[in-house]
Structure formats: C-alpha cells, structure tokens
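Following the hints, position chains G, D and U against chain L.
Number of protein chains: 4
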Amino acid sequence: MRTGIWLVGARGSVAVTSVVGALALRAGLVEPTGCVTELPALRSPALPGYADLVFGGHDIAPTPIVKKAEALAAAGVLPARLVTALPDELASVEDEIRPVPAAARQADVIAALVADLTSFRHRHRLDRVVVVNVSATEPAPAPHPGHTDLAALEQALTTGATVLPPSSAYAYAAFTAGCSFVDFTPSTGARLPALAELAQRERVPYAGHDGKTGETLVKSVLAPMFALRNLKVRTWSGVNLLGGGDGANLAEPAANAAKAASKQRVLGETLGYVPQGNTRIEYVDDIGDFKTAWDLITFSGFLGTAMRMEFTWHGCDSALAAPLVLDLARLTATAHRTGRSGPLGELAFFFKDPLGTGPHSLPEQWATLCAFVRQLDADAFGAAVPPPVEQG
Amino acid sequence: MRTGIWLVGARGSVAVTSVVGALALRAGLVEPTGCVTELPALRSPALPGYADLVFGGHDIAPTPIVKKAEALAAAGVLPARLVTALPDELASVEDEIRPVPAAARQADVIAALVADLTSFRHRHRLDRVVVVNVSATEPAPAPHPGHTDLAALEQALTTGATVLPPSSAYAYAAFTAGCSFVDFTPSTGARLPALAELAQRERVPYAGHDGKTGETLVKSVLAPMFALRNLKVRTWSGVNLLGGGDGANLAEPAANAAKAASKQRVLGETLGYVPQGNTRIEYVDDIGDFKTAWDLITFSGFLGTAMRMEFTWHGCDSALAAPLVLDLARLTATAHRTGRSGPLGELAFFFKDPLGTGPHSLPEQWATLCAFVRQLDADAFGAAVPPPVEQG
Amino acid sequence: MRTGIWLVGARGSVAVTSVVGALALRAGLVEPTGCVTELPALRSPALPGYADLVFGGHDIAPTPIVKKAEALAAAGVLPARLVTALPDELASVEDEIRPVPAAARQADVIAALVADLTSFRHRHRLDRVVVVNVSATEPAPAPHPGHTDLAALEQALTTGATVLPPSSAYAYAAFTAGCSFVDFTPSTGARLPALAELAQRERVPYAGHDGKTGETLVKSVLAPMFALRNLKVRTWSGVNLLGGGDGANLAEPAANAAKAASKQRVLGETLGYVPQGNTRIEYVDDIGDFKTAWDLITFSGFLGTAMRMEFTWHGCDSALAAPLVLDLARLTATAHRTGRSGPLGELAFFFKDPLGTGPHSLPEQWATLCAFVRQLDADAFGAAVPPPVEQG
Amino acid sequence: MRTGIWLVGARGSVAVTSVVGALALRAGLVEPTGCVTELPALRSPALPGYADLVFGGHDIAPTPIVKKAEALAAAGVLPARLVTALPDELASVEDEIRPVPAAARQADVIAALVADLTSFRHRHRLDRVVVVNVSATEPAPAPHPGHTDLAALEQALTTGATVLPPSSAYAYAAFTAGCSFVDFTPSTGARLPALAELAQRERVPYAGHDGKTGETLVKSVLAPMFALRNLKVRTWSGVNLLGGGDGANLAEPAANAAKAASKQRVLGETLGYVPQGNTRIEYVDDIGDFKTAWDLITFSGFLGTAMRMEFTWHGCDSALAAPLVLDLARLTATAHRTGRSGPLGELAFFFKDPLGTGPHSLPEQWATLCAFVRQLDADAFGAAVPPPVEQG
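So the protein sequences, as listed, match chains L, G, D and U.
Counting along the first sequence from 1, when you hit position 112 you're at 112 in the numbering used here, and nothing is skipped either side.
Counting along the second sequence from 1, when you hit position 301 you're at 301 in the numbering used here, and nothing is skipped either side.
Counting along the third sequence from 1, when you hit position 167 you're at 167 in the numbering used here, and nothing is skipped either side.
Counting along the fourth sequence from 1, when you hit position 155 you're at 155 in the numbering used here, and nothing is skipped either side.
Next comes chain L alone, as it looks inside the complex (with noise of 0.2 angstroms):
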C-alpha cells in the first residue's frame, strides 16, 4: 500500500501545495476540504492513506520547494503556519526532486527518467508509482508517424530522433518503469495512440486530461441545467485571466488554442449543439495565482423569449487542483493494485477533457465515479464489499 507520487513539475504551485497538504492532512493539521475521496460516498479502505503517501518528482526549476511554499502563503493560496509546522517533512520531500535529465538523444532522456522513476521506488521500497503531469502547458507537437504506433515510435527513438513531447516522453518512461500516469494538464501526454498500446502492454493504467478546476467545472452543471430545462443555449463567451507561471505559458497562443478548445467541449456535448462564443485566456501577471474568469450565456426560452446569465469565478488554480491531485493518485494506484491496465474512462468527474466517451455532465461523471470506487472497493476486497453510502 505504499504509494509514490512522482510529481512532473515538482516545484511549481500545484505540485507544491498538492505536498504541504498531504503533509498537513498526515499531520491532522487540516481538514481534508476539497478532497472528494474524502466525502462519504467515495470514502473507502482501498484507498492508500495520506501517511502511506511518499513524494517525489522531476523540475527544471532549481527554487526550494520551501521557497515555493513560503511564496504561496504570502500570495493567500495556503496558510503559513503551515510551512513553519512542517519542515523536516518538505526537506525529506526535497531531497527527492531531480533535475530534468538532458541528453542529446530522446531515448536517453526517457531512459534517465525511467531511472530515476525505478531507483525511487527501490529506495523507498514503495508497492507502486504514480506519475503525475503538473508541469505548464505544451503547445500541440508536430505529428508524427510515432505518435500513432508504438513499433514505429520505437524504432523511431533508436534513431536518436526526438519524437515526443516532453510531456509524452514522461508517460513513455512512466509506463516503461510500470507506474501508472495522470494527465492533469491540456498537453499531450499519455493521448497518443501509441502510448495507449504501451500502456496497455505494460499493464498499467492512465488517467486525464485536464483537470476540472474552475470555470469548466461551472460550465459541467450549468450547461445540463439547460439541456434539462429544454431552454435553448444561443451564445456562450467568456474570458478567462490568470496570472502565475502557467498563466504567462497559456497566453502563448498555441497554448492557449489547445487550452481553449478543451474547456468548450463540454458545452457540444451536454447541450447536443454548439452555441455561439469562445473562451478567450488572457494573462494578466498581477492577479497571481487566482484566476477571474467570466461567462455571458444568452439563451431562449418559451416562445422564445431572449434572457440571459452571466457569472464571474474568482478561484486559486492551485488550491483547487491539489486535492484533486491527491484524489487521482490515490485513485490510480488503487486501480493499478486492482489489476486495471489502459484507459480509466471512470474518471471523467475530475477532467475538462475525459477519456473516453463518457457524460460530460457532472451529476453523470459522479454517479459513474461512485460506482468505480465501490467496484475498486469490490476488487480489493473480495466478497467483503463495503455498502454504498449516500451522500447527504
């Protein structure tokens, strides 16, 4: 049940408040808000317990991660007594964040990766890994014949050539060095076809992509709440600004397209039309790490009378993606125990973009997640399947 959490971007903000908050739940100093493993219905014993939790991960950046932390507090994202009670257990973390390894051919790179991943969990004697994206968008890579057939991606990589994008090289070594993986960012990943063969070769699980913080997770329930009152969506538009490191990366426009697109899906599927509209992300370097987003939705009604709704977001990207980090890992390890290997389409509740072609709609994406947890529960425990609990 020993888990690791292997950390791609380990000294950025969410990966850093992800740290101090597992930290601090271990400690009791928290309440576990936010967690949504941690609400009766999805509580269960299959899942690792924070203290069963040992982080690790890769980052070009070379700040401290108590820097980091310190940083965070003063920007509001956590509180500081939290980072002065907690400093022997970031140090121990520190001590596990690697330099990204550079080399001049891609498949030394990945293999490096692939040692890093197998000597970290050798040391910590851990029963499995999770590799976790938290690093900043990438822009769309090329395409490329390797991309869509794992013989050819390796044939392709002998060469010396560089075929992936750093963020697939990741899920290449992951699933080489048999951990599961987690796309909690829009960039490419795990979602080549490729590497979904890899995956399932290896016998390991993936889960994403990019997770559901903010406005798309607004746009998850109020889009349905239209669809179910047959009331007709004509125009949905919005602007997203946000500060911080990715902040400054989506406002790069090939960045942003890839992050844009992934928010509007939402709406084409829950609503069964597209309506008129865009997201814009704008980068506006003062308001840090918050994010203010606004949507203006015009819709018709009966007879079709014109109205309309607007709502504006002001939510902290970090504190809102942390717990869900958590939730993925521990809910990816246990899957991994469990036996699944692939896709894991059941997780679709944490992600603006889900696997698969499941509902896009939350009360579904939860309904679908409950049911995951007590077959993982079933799985794990054999005929001793705890009972569903509802949700007050």
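Wrong hints could be hidden among the right ones.
The list treats identical chains as interchangeable, and a pair is accepted whether it falls inside one copy or across any two copies.
What the hints assert, rightly or not - Here are the simulated EDC-like pairs of lysine to aspartate or glutamate, each with C-alpha atoms no more than 16 angstroms apart in a straight line:
#	residue 1	residue 2
1	K232	D286
2	K67	E269
3	K232	E31
4	K67	D95
5	K232	E38
6	K232	E269
7	K232	D149
8	K67	E89
Rather than coming from a laboratory, the hints here were simulated on the basis of the structure.
On a predicted model such as this, the values are computed, not experimentally measured, just so you know.
Using the frame of chain L, we list chains G, D and U on its own:
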C-alpha cells in the same frame, strides 16, 4: 384523454403565456422550447397532447386575455405574431374564464367554485381537469384547528366561517370536484394536513410547491457542484429585483418571507449545512415581467483558501413558468388517469419547495422524474412499455 | 441656418437611427433623451433646429432605409410606431441616398463624391453641409507619402493611384466641397496630416475620432475616480461582445486592433500610467445591435491592500450613437458658420480618441464643451451672449 | 504645526489602520497610496507633515491596538511587516488611548471628555487637536428641544439629563475644548443646530458627514455620467454585503436606515430626479473587513431604448477610509489654523452626505477642494501662494 386545465389567476402573466403557448404549439406555430416533457427522455404517449387541452379559469381581474397577451407581447414576453394568429382560439378561452365567486360564507364560495369546475368538465366532456394555482402569492394564514384535521375543517365550514386562505379554498374545491391540483406558487394551497386527507379520500393527486423558474434553478445545480467537490460554502447571499404584479405583491413583507424561505431551502438540504446569507426580494416596477437576481457565493477550498463566485440571472418569469405549467398539467392529469392520488413527490424537479423528502439536487430530481414517466407509461399501456430514451 | 447632414454609411444602423430620431424630434413624437445639446447647460439658439436639418448620404448597400428602420424596430432599437408615423419623411431621405461612386482612378471617385455633395447643397439650398462618417470600421491603411503632405497627395492622385482609404477619400471630398466633417468611427478619416492641411486651406472644421458610446464612456469617469482618490489601478481588462454589422467587421483582426487601441488610450492619459490588461472585441452574432462589455479592474489602496471592481455594460450602440451624431452635426455646422476651421478639440467629450491634447476625463471634457458652446453663442450673436445655464 | 488627532473609536479597524499608516508613512515604509492630499494638485506646505501628527483617542474596547493591528494584518487589510516594524511607535499611541468616561450626568461625561482632550494637548504641546469620529454607527436619536438651540441644550445639561447621542457629546466636548471635529460616520455627530452654534461661538471648524469610501464613490461619478449624456436612469438598486464590526451594527434597522438614506442622496442631487430602487445593507460575518456591493442601473436612451449596467465593488472599507481620515485631519487642522470656523462645505469630496448645498458630482467636488487648498496656502503664507499644480 381530453384534459381540462383550470387556471386560478387566469388573466395573469403566467396563465396567459401558458394559454398562448399551448394554442401556438397546437397550431404548430412554435417549437416547444422550455417544455421538459418534450425532451426525448420524457416524451411519452401517455401524456395528453396539446390538442387535447381545454383551458378555463377564475380571476378577479376583468382585463380580456387578448389585451393581456398584447401587453405581454409589447413587453417582450411573447411574439406579437402569435396573438394576432390566434384570435378565435383566444376568444374560446376567454369564454371559459369566470369571476371569483363572492359569498359571505366560505362554504358557499367553495360550492360555487365546485360548480364552476363541474360545469366546465361537463360542457367540454373532459375526462379530467387539473386545477393550477398561478395567482399572486398570499401571506401565510393564521393557524386554525381546521387546517390539520379534515373533520374539524368541514365542521368549521358549516358554521359559515372563513377558515382557509383563498389558495386553499381552491384546492378544497378542486379535490371535492374530483380534480387534481398543482400548487405553482408559494401560497398555502394544498399544504394543509386536512387537505392532504381530503385528496386521499377523493382519490386525486396533487403537486407542488412553488415553481422553480429562475435563481433557485441555478442554486439547485450550483449547490450540488460545491458539495460534490467537497468545497465549503461559507456565504450565499442574493437579491432578487422584480417588477410585474407578483413583484409588487412579494414586496409585502409577509409574502416575501414565504418566498425567501422557499428559496433558501435548497441550500441546507443539498449542502448538509446552512451557509450565512439571505435572499432578499425587492420590487422594482420598471423591470416589469423580467427579473434580475444577483447571488454572491464565498467558499473555501483546500487548506482553507478563500474563493468566490457571483452570478446574475436576467430571466422572464412568465416565459420560464408557462411551459412548466403545461408540463405539470400533462403529468398530473396522467398521474390521475393511472390511478395515483395524494402528493406527487416525483415531480420535485419542477419545484422550489417540493413535496416529500426527496433530493433537492436538480440532476437527482431529473432521474426521479424520468423513472416516474416510464412508470406512467407502463401503467397507461400495460406491458407495452416504450423503452427509456437517453437524453443526448 | 439650413443644414445638410450627409451620412457616409447612410443605410447602416447608426445612420438610420439618427434619421428616424431627428424626424421624430422634429415631429414632436419623442423626448430628446440622449441628446446632450438639449441639456440646459448646452442648449443654444446658435445651433440649427431639428426642422433645419436635411439628410442625405452614400451607401453601398441597397436596402431601403424604411426596411432597415423596421428591422431596427424589431430588434428593440427604436419603437415601431415611429417608423409607421413618418413614411413621407423617410421617403424624402431615401431620395437623397446615393450609391458609392465607382471609378478606376481614385481622383475620379473623389470628384464624383464632391459632385454629389455640391448637388445636395444646391438642390436643398443649404447654408452648409456636415459630412459624418458612420460606415463600418476599416483596417489601418499602408503608409504612403501622400498621407503626410498635401502637395504629394494631390500629385499622387493625378497619377490615377488609389492613395487614400475610403474614409479619408470622403474627408478629402468633404473638405474640397467646402463641407465640415465628423469622424464618428475609428477609421483613418481626416486623421492624416495632408487632410489637416486641406481643411485649413479650405477653411472648414472637422471633429473626431470614434464616438464614445459605451464602455469607454464608463472608463472616462471611472479612471478619473481612481486617479482623484490616489488609488493605484493595477489591471484593467475587458471584453466586448457585439453583434450587428460593425461587430462582424470589428472581429477582423486589423479593425479590432484599431478599435482596441482607441479604447485603452483613456487609461494611460487619465491615470498617468498604463495598467496591465487589454480590451478584447469579440463578434457574437446573436447579440445583434446590443453590446455587452465586461471589465475587471484590480487596484490597490492604502498600505497596498488589494481590491477590485467589475462592471457589465449592456447597451445598444446605435441608440447611444445616434443622438451624438445629431449633436456633433449641429455643433460642427455652427463652428463652421462662426468661422472656425481645422480640428475641433473642444468636442473631445464625444470621442474615444479625441483630436488634440485635451483631457480624457469626462467631467473636464464637459467643462470644455460648455465653454465652447458659450463661445459659439457669443460669436453667432455678438454681444448678446445668453448667460450660462447651470446643469441641475 | 504639531497636530493632535484624537480618534473616537480608537481601537477600531479604521482608526488602527489610520494610525499604522501614518506611522509607516512617517517612517518611509510605504507609499501614500489613497491619500488625496499627496496628489500634485493638493500637495501643500500648509498641511501638517506626518511627523507632526500625534495620535490619541477614546474607546470602550480594551483590545490593545497592536493586537488589533495583527488581526487586520491576518485579514489582509494591512501588511504584517508594518506591525512588526513599528512596536515602539504603536506603544506610544497605546499610551494615549483612554476609556470612555462614565458618569450618571451627561454634563459630567462631557467634562471628562474635555479634560482628556485638554490634557492630551498640553502633554504633547500641540498647536491644535482634531477630533475624528470613527466609532460604530448610531441609530438616529429621539428629537429634543436642546438639539436645535444652544441655550436650551446647555440648560438641559445642567439638569443632569442625557440629551445628546454619544457622537454629539464628543462633538460638544471637542468644540468646548477648542478642537475641530470630523464626522466620518453617518451618526448625528455635529449635525445639530445647537452644535453648529457652539462651533461658531468657539471659533472652530468641522467637517462631515460619513466618509465616501466605496459604492457611493462610484455612484458619485456614474450618476453625473448619465446626467451629462442626458440618459434617463430608471432604476438604481443595490445591495451591500459587509462583515466586521460596523457590518453587524449596520444590520440593525435603525442604523441601516441612516446609512441607506445617506447613500441614495447622491442620486437625487446629481440626476435631478430620484430613480426607482433602494440600497440594502446586509451583514455577512464571513466577509470580514471587506465589503461587496452590487448595483444594477437600468436606463433609457435615444427613442426610449432600454439599457442596463451592473457593477460589483469589492473593497476594504478600512483601507479606503484610513487615508481619508489622515487627509481630513490635515485639512481641518489647517482650516482651523488659518482662522476658519463652522462647517467646511469645501470638503464635500470626502463625504457621502456633505455639509452645505454643494455639488454631489465627484469632479465638481474635486474642483472645489483644489480651490480650497490653494486658499489655505494663500492664507497660511500670505502673498507667497504656491501656484496651482495640474493633476496629471
């Protein structure tokens, strides 16, 4: 299958919009936007068709419904072309609207109401009649022993006393005349134990209370969103600015209190705790038939991070209510036809303050409603149940 | 005092709303809401009356203005009763709308424009004509030496070259025909040094640029508020969602860039520094003639405390622009009559991107405008200056 | 030039923020953001410098101001580093805070207040003292003949009666002790004819009422915008959600009524008519020292077109008020020094409900303030008046 819809408040905005809409649907002049019984998952041959509906009602106001319809068209609530396209049909409905009977003894008023309902049913050879209360909101009545016990109520009425508020007198008359009843407003209506007893005795069903048309609809999907994400809602405060007849009426403190309580119930029952804050209702004549609601929600996430959301809803209450009136009448009539009596908790989807102890989360209410319609089908057609249809 | 108003884009929403409004004001059918020259402080006998105004114009579109007026009435921009009340008056204006002249050589196009203006003036025995550009926004033109020097411009035109963007060709024609000119759009229009030279040579005045109709109007009072309270604006970001003809046009990146720059100028010039953030313009067809703008302002106060403000503006651009078109035409014609020529910086109150170096704060622009009208009065009537009237 | 600032409510949020800010400004630790007397147009050598200010005050609360400052830092109102940087300075202010005197006869209470003020002035060898009321809002008092006539008031006090509400007792004491007075709250304070008479007799000036810190500030620029554009405001409705001590107090209906009336005055006086709608104040404990105000404005433009605007203001009242307290104290002290007495209508810029009959439009109030400061300069330095400086 010929079904009467008897509207209490037949010359009001909601009633006239319902009538114009039903006539326009029958004539094929409009799409059934806003009618939830027209969604694939709820469409059912057991429900009466629009051509099977016959309208009548009571009102104290003298304004002809054509005049009211023209005023609604001028206010942007419905298209003027529908009013000009349906002169004969509207005149036929006009013929079936009766003044509210006046008498010194409430028992005599009720008897006159029963006579009007019975005459309406016979004149149009209707299979059954649904009485729908869409009149102005009343203040809560003073308690009376006759409210809790049917025998006491009947005894009190024989003395000539006025025991029931008007909305409850209509419910009493409806049940006595063998009609089902829909409480579309927050007024007392059928929600007295004595009337529940009467409905059971007369073998008629009833539905209520208080149609969920706007801000509460939004609450019923946002509150579960916060709950499913284990986010802690700290405050939920709002203001409703509304004009029109019901606005002026709700500005009366007593009616306001009834409505505001109905609006906040969803929070406690969905979240499991009551956040700080209130919903204020304010009358602003200039806003007319449209309503603007603004809500501020503050919540905390992982490690206590403070976040917030605001929304503004700008809706036309009559346009939101009217299709639900048609849905409810069709569903309640079918419940009656298939032998149901007493409170229809399965219709909670439509109400702010639903009968019974069912869920307040819109998606859960939706699932209940779908199952109910399937069962109505089964009961209406025996073994030949149409298969459930998934809502895309 | 007979004054012609020649509208470039005469069949567009702004032009037709201006025409219907002026005719309705002349007929006493409406109040002059939105007309600032009707406020006590600006009312002046020196300005031409509504009965003195004669309309004509150019347009490439063939739709009759009555049809356009009916469409505007259907969209809620103006009351249908006005269109039906003014059939003869609208027909008279229709007679004075000319197609845009076509010719291979731009010099020939300009000559035809001049002929149209001269003929209009003679036919109606007008004392003077104001040309107002209310056509769709153009992209910025490629630079040309003829833009900065009148002699070079005239020389280039003799070669048959197309040197000027259309809006500037209209300004050139207006000045040549002895007409004053109002730049109501962000297009180039008169803002070329060569045209400034021409206006001075021909002794005609001009006003511009870009009518301040909505969000920028709000900025021009909120930005001074922050400045006068010594509050530090950190970011000011916004999005404009607009439909209608100009919306589609402004969605073109080049036109968008011209407009967005014009919208942000007020911030730098009022605050003394440029806060972070942008104004995005997005086309949403469904919104039609109305526009929704949302702005987020973050600012810091005493000891650096972070605060914020949001606003949403839901306005009808044509209804906001049309009365200003009438105001500007009346003021510019009077400036012409009283011997003024060249740029009228005193009209900055009306523009997003005003001529000259005056203040961008609305109240300061208002004070300048009041003084200007007093001076027009003095110049028109000699010593018999009416006393200033305080605006209540 | 040594100037005392005596704060009524010296341990409250506004007072402590003012004190920390003044000490930090003196120490050069912060910029004077929010201080309008630091703008180029208002900077004046006639005003006392921050190093010339000495603080003291009354409060019923026992919490040390360092504790209050730490709580404000934790709530995000001011930076914690300032509290830790100024321990000795804060201790010195602590020494000058006195409990509110208690006595059976109001005359004795007033005498004790006078003694405290006189002792403070002598102990610190101050040239003059300004008393500033920043304590919690009181309900309006019952009328008393002594309120309108000074002789009657003095007579009534000799009987031992309690004639004045507490805020007016402070004003009485201030004037008697030869101190000027600033009414920063909506409480009665100096706004009784008898106290106006006393101020004139004692030759001391006073300023008020009710500091314009947030939503009313926005109204004072938006209302003139609508007026200057001749747009007809139909409704202006709002809600203020606020926590903190003053929030709980304002939730009391009597105090609420006083405040709400003060907030709407600006509309009638700026627009020339009173639009429909109200401003509600609601206490929401969780919001703490920050306030969220939402306003909806509906208006009509040319030809009656209906339009609307909404804004949300999320401000920290203490951070908005504190620099104005310093500005007002410096200006009022200088008015006193230059021989002014009675009501200072020229300070209307700072108040929701200003003394006198001046304009409610912020820019007009600003112009009046600028002229006033120039005159203070002239009076303080004779002929050597510094030239006016333009605000960039």
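Violated constraints from the hint list, given by number and in increasing order: 2, 7
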